[in-house]
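Listed in order, the protein sequences are those of chains U and H. Residue numbers for the first sequence follow the numbering used here, so the first one is 1 and each next one is one higher. Residue numbers for the second sequence follow the numbering used here, so the first one is 1001 and each next one is one higher.
Just so you know, these hints were derived from the structure itself, not from any lab. One or more of the hints may lead you astray.
So the derived list for chain U, only partly shown, Cβ under 8 Å to chain H, looks like this [stated by the list, open to error]:
1) LEU126
2) VAL141
3) MET185
4) SER206
Ideal placement from N, C-alpha and C gives every residue a C-beta, glycine not left out.
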Amino acid sequence: MTPEVSQAHQHEHDHQAVPSEPALRVKALESLLIEKGLVDRAALDALVDAYENKIGPRNGARVVARAWSDPAYKQRLLSDADAAIAEMGYGGLLGEHMVVLENTVKVHNLVVCTLCSCYPWPVLGLPPVWYKSAPYRSRAVIDPRGVLREFGLELPQDVEVRVWDSTAELRYLVLPERPAGTEKMTEEQLAALVTREAMVGVAKVSVSKAGIAA
Amino acid sequence: MNGVHDMGGMHGMGPILEEKNEPVFHHEWEGRIFAMNRAMGAWRKWNLDASRHSRELIPPAEYLRMSYYARWVAGLVDLMVQSGLATRAEIESGVAAAGSIKAVPALTVDKAVTLVAKGVPASRNVNVAARFQVGQRVRARNIHPVGHTRLPRYARGKFGTIERDHGVFVFPDTNAHFVGEKPQHVYSVRFAARELWGEQAAPQDSVYVDMWDDYLEPA
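Using the sequences and the hints, build the whole thing.
What follows is the structure, encoded as structure tokens:
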């Protein structure tokens, strides 16, 4: 999966897909809305900046690392996710009603939004293209094990797979299993191991793979 | 509506293409339309559910062909035209109609920061009785609304179990059409994968779907 060729193809496809030249169309729309006094350019800049630079999967990774390091925090996170995530300073738009799902040796949780693109923004940022795409949305519910295999994760037959379809305003974050060999790591080191994919449930956290850059 | 957006269980959509080191926005315009959607939402001429429905109304062939943020452009344009915030002529020309009154933006920088930090809860603090209890067997109603719904086709008519009661939330099926919030309980309903997909699914696997009271009937 993920050959460079496919990405190039995807980009090419995206460009062909848009009916008119979207950059020009959106620029004209922004000028119009500013001219009409309907939007404030600085507010648009602030929104872009928030999701481009401030809010992303690093937030979720810190929540996960805290849960791995502090059993009492983990309990709070699983029983009242909103409050526990707020303790870490995160929350807000598209994460108003959070639920955290714990992956264990026996249970593997996977999150999807088959109807659109619902995703827990305050802890994971905006969703990647694959999460919003037809292949993932169509297959995660009917063939989760096949989807996981495509991400390189082969689950044993006796593991129970739970797929969570985000059809309402609840937003789901997967608490991945803490990998072996990380007993001596600090919270910060642990957070660096946690990937966005692991928090959606399409991957496990491993010590060998690089996590999210700080 | 039984639209192509409701794609859970469909085949033939191709491989999942994961992009390493993916940027938040692939083009500057994606960030701008993302932000404009939020800023225009602050006028409260529509709501989150209406906004979702505007994208569901894109004709199926186009929906599948369009990139994600291209759908956002189409949805926002439709909402603005319908609500009278801009005319199609203005949007096509990029210039305000002669003599139109200049507004004061609804979303300032301060309000944008607050919006991001606080969000817009869809829960409602009203006393509405839950029609179902945790552990109860239920059936998702076999309904096919022509308007907006968050009841996916793959679950309709299927039997499941109430796993959690999340409390009272705005009901999208009415809210999207501006006919009231109709607050009611939302539950996580567990469906055995075999109930949904038959013998091909692993016996212990399941799909949890969030469902409003109006989507369910006692089993």
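Practice item. Find the hints from earlier in the document that the structure breaks and name them by number, from lowest to highest. Key: 3 and 4
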